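J.: The whole structure should be built from the sequences, with the hints applied where relevant.
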Amino acid sequence: MKKRILAMFIDYLIVLLISLIPLFVYAMVNDFNVFEAVNSIISFSMFLLILKDLLYKNASIGKKIMKIEIRKKDNEFPSITTVILRNITVIIWPLECLLILLKKDRIGDIICDTKVIEVNNWVVIKTVKEYLYSNDLI
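Heads up: the sequence shown begins at 5 in this note's numbering, then just goes up one per residue.
Any given hint might turn out to be false.
Unchecked claim - Think about it this way: if two alpha-carbon atoms lie no more than 25 angstroms apart in a straight line, the pair counts; the simulated BS3-like pairs of lysine-lysine are:
| id | residue 1 | residue 2 |
| --- | --- | --- |
| 1 | LYS108 | LYS119 |
| 2 | LYS71 | LYS107 |
| 3 | LYS107 | LYS6 |
| 4 | LYS7 | LYS71 |
| 5 | LYS108 | LYS6 |
| 6 | LYS107 | LYS68 |
| 7 | LYS6 | LYS71 |
Note that these hints are calculated values from the structure, not bench results. Values in this document were obtained by computation on a predicted structure and should not be read as measured data.
T.: This is the structure we're talking about:
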(Lines of atoms letter the chains of each structure in order from A and count residues from 1; the text may use other names and numbers.)
(Lines give C-alpha, C1' and ligand atoms only; values in the text may rest on other atoms or scores of the structure.)
Protein backbone atom coordinates (compact mmCIF):
# COMPACT_ATOMS: atom_id res chain seq x y z
CA MET A 1 0.00 0.00 0.00
CA LYS A 2 2.84 2.41 0.82
CA LYS A 3 4.43 1.62 -2.55
CA ARG A 4 1.21 2.61 -4.37
CA ILE A 5 0.99 5.93 -2.52
CA LEU A 6 4.68 6.68 -3.16
CA ALA A 7 4.31 5.72 -6.84
CA MET A 8 1.28 8.00 -7.11
CA PHE A 9 3.22 10.85 -5.46
CA ILE A 10 6.16 10.37 -7.86
CA ASP A 11 3.79 10.34 -10.85
CA TYR A 12 2.00 13.50 -9.72
CA LEU A 13 5.32 15.26 -9.15
CA ILE A 14 6.56 14.33 -12.63
CA VAL A 15 3.26 15.41 -14.22
CA LEU A 16 3.39 18.72 -12.33
CA LEU A 17 6.91 19.42 -13.58
CA ILE A 18 6.01 18.47 -17.17
CA SER A 19 2.81 20.53 -17.01
CA LEU A 20 4.72 23.68 -16.12
CA ILE A 21 6.45 23.65 -19.53
CA PRO A 22 3.28 24.61 -21.48
CA LEU A 23 2.65 27.35 -18.91
CA PHE A 24 6.01 28.98 -19.62
CA VAL A 25 5.54 28.61 -23.38
CA TYR A 26 2.03 30.07 -23.16
CA ALA A 27 3.27 32.98 -21.01
CA MET A 28 6.01 33.82 -23.53
CA VAL A 29 3.75 33.67 -26.60
CA ASN A 30 0.55 35.30 -25.28
CA ASP A 31 -0.50 37.88 -22.77
CA PHE A 32 -0.57 36.05 -19.47
CA ASN A 33 -4.14 35.18 -18.47
CA VAL A 34 -4.20 33.29 -15.17
CA PHE A 35 -7.53 31.55 -15.83
CA GLU A 36 -6.47 30.26 -19.25
CA ALA A 37 -3.06 29.20 -17.93
CA VAL A 38 -4.51 27.25 -14.99
CA ASN A 39 -7.13 25.67 -17.25
CA SER A 40 -4.42 24.61 -19.69
CA ILE A 41 -2.24 23.13 -16.93
CA ILE A 42 -5.15 21.17 -15.43
CA SER A 43 -6.24 19.83 -18.82
CA PHE A 44 -2.71 18.83 -19.83
CA SER A 45 -2.08 17.26 -16.39
CA MET A 46 -5.25 15.16 -16.60
CA PHE A 47 -4.25 14.00 -20.08
CA LEU A 48 -0.81 12.93 -18.80
CA LEU A 49 -2.26 11.20 -15.73
CA ILE A 50 -4.73 9.21 -17.82
CA LEU A 51 -1.93 8.00 -20.14
CA LYS A 52 0.84 7.62 -17.53
CA ASP A 53 0.64 3.82 -17.26
CA LEU A 54 1.20 3.37 -20.99
CA LEU A 55 4.79 4.63 -20.82
CA TYR A 56 6.07 1.25 -19.71
CA LYS A 57 4.14 -2.00 -20.05
CA ASN A 58 1.32 -1.37 -17.56
CA ALA A 59 3.34 0.83 -15.25
CA SER A 60 4.10 4.50 -14.83
CA ILE A 61 7.51 5.89 -13.92
CA GLY A 62 6.47 5.90 -10.26
CA LYS A 63 5.31 2.30 -10.45
CA LYS A 64 8.56 1.24 -12.14
CA ILE A 65 10.60 2.94 -9.43
CA MET A 66 8.51 1.24 -6.72
CA LYS A 67 8.60 -2.09 -8.63
CA ILE A 68 4.83 -2.49 -8.98
CA GLU A 69 2.60 -2.82 -12.05
CA ILE A 70 -1.02 -3.21 -13.14
CA ARG A 71 -2.53 -6.60 -13.87
CA LYS A 72 -6.03 -7.95 -14.40
CA LYS A 73 -7.43 -9.92 -11.45
CA ASP A 74 -6.58 -13.14 -13.34
CA ASN A 75 -2.91 -11.94 -13.57
CA GLU A 76 -3.14 -11.24 -17.32
CA PHE A 77 -1.83 -7.94 -18.68
CA PRO A 78 -4.65 -5.42 -19.19
CA SER A 79 -5.36 -3.94 -22.61
CA ILE A 80 -4.56 -0.33 -23.48
CA THR A 81 -8.27 0.49 -23.28
CA THR A 82 -8.51 -1.03 -19.80
CA VAL A 83 -5.50 0.97 -18.58
CA ILE A 84 -6.94 4.22 -19.95
CA LEU A 85 -10.40 3.54 -18.49
CA ARG A 86 -8.80 2.65 -15.16
CA ASN A 87 -6.93 5.96 -15.09
CA ILE A 88 -9.87 8.20 -15.97
CA THR A 89 -10.80 8.08 -12.30
CA VAL A 90 -7.61 9.99 -11.34
CA ILE A 91 -9.71 13.09 -11.88
CA ILE A 92 -11.06 12.45 -8.38
CA TRP A 93 -7.60 11.72 -6.94
CA PRO A 94 -8.31 12.71 -3.31
CA LEU A 95 -11.02 10.05 -3.17
CA GLU A 96 -8.71 7.59 -4.93
CA CYS A 97 -5.98 8.13 -2.31
CA LEU A 98 -8.49 7.63 0.49
CA LEU A 99 -9.72 4.38 -1.06
CA ILE A 100 -6.16 3.08 -1.44
CA LEU A 101 -5.55 3.73 2.24
CA LEU A 102 -8.83 2.14 3.35
CA LYS A 103 -9.47 -0.62 0.84
CA LYS A 104 -6.23 -1.05 -1.21
CA ASP A 105 -8.20 -0.67 -4.47
CA ARG A 106 -8.92 2.46 -6.44
CA ILE A 107 -12.26 3.08 -8.12
CA GLY A 108 -10.49 2.41 -11.43
CA ASP A 109 -9.33 -0.99 -10.13
CA ILE A 110 -12.87 -1.91 -9.12
CA ILE A 111 -14.42 -0.76 -12.40
CA CYS A 112 -11.80 -2.40 -14.65
CA ASP A 113 -11.21 -5.54 -12.55
CA THR A 114 -7.50 -4.78 -12.11
CA LYS A 115 -4.98 -4.93 -9.30
CA VAL A 116 -1.48 -3.66 -8.61
CA ILE A 117 1.16 -6.28 -7.90
CA GLU A 118 4.79 -6.20 -6.84
CA VAL A 119 7.30 -7.30 -9.44
CA ASN A 120 10.90 -8.27 -9.01
CA ASN A 121 12.85 -7.11 -12.04
CA TRP A 122 16.04 -8.67 -10.70
CA VAL A 123 14.60 -12.16 -11.07
CA VAL A 124 13.69 -11.47 -14.71
CA ILE A 125 17.17 -10.13 -15.48
CA LYS A 126 18.76 -13.07 -13.69
CA THR A 127 16.62 -15.48 -15.69
CA VAL A 128 17.58 -13.83 -19.00
CA LYS A 129 21.24 -13.81 -18.01
CA GLU A 130 21.07 -17.48 -17.05
CA TYR A 131 19.37 -18.23 -20.36
CA LEU A 132 21.99 -16.38 -22.40
CA TYR A 133 24.84 -18.19 -20.69
CA SER A 134 23.21 -21.60 -20.67
CA ASN A 135 24.26 -24.43 -22.99
CA ASP A 136 20.80 -24.45 -24.63
CA LEU A 137 21.92 -21.84 -27.15
CA ILE A 138 24.73 -23.95 -28.57
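J.: Each hint should be assessed against the structure and marked as holding or not.
T.: Against the structure, the hints come out as follows:
1. LYS108 x LYS119: Status holds; Cα separation ~9 angstroms.
2. LYS71 x LYS107: At roughly 20 angstroms apart (the allowed maximum being 25 angstroms), LYS107 and LYS71 satisfy the hint.
3. LYS107 x LYS6: holds (13 angstroms)
4. LYS7 x LYS71: Holds. LYS7 to LYS71 sits at ~8 angstroms (cutoff 25 angstroms).
5. LYS108 x LYS6: Given that 25 angstroms is the threshold and the Cα spacing comes to 10 angstroms, the pair holds.
6. LYS107 x LYS68: Answer holds: LYS107 to LYS68 is near 22 angstroms, not above 25 angstroms.
7. LYS6 x LYS71: holds (12 angstroms)
Checked against the numbered hints given earlier, this structure breaks none of them.
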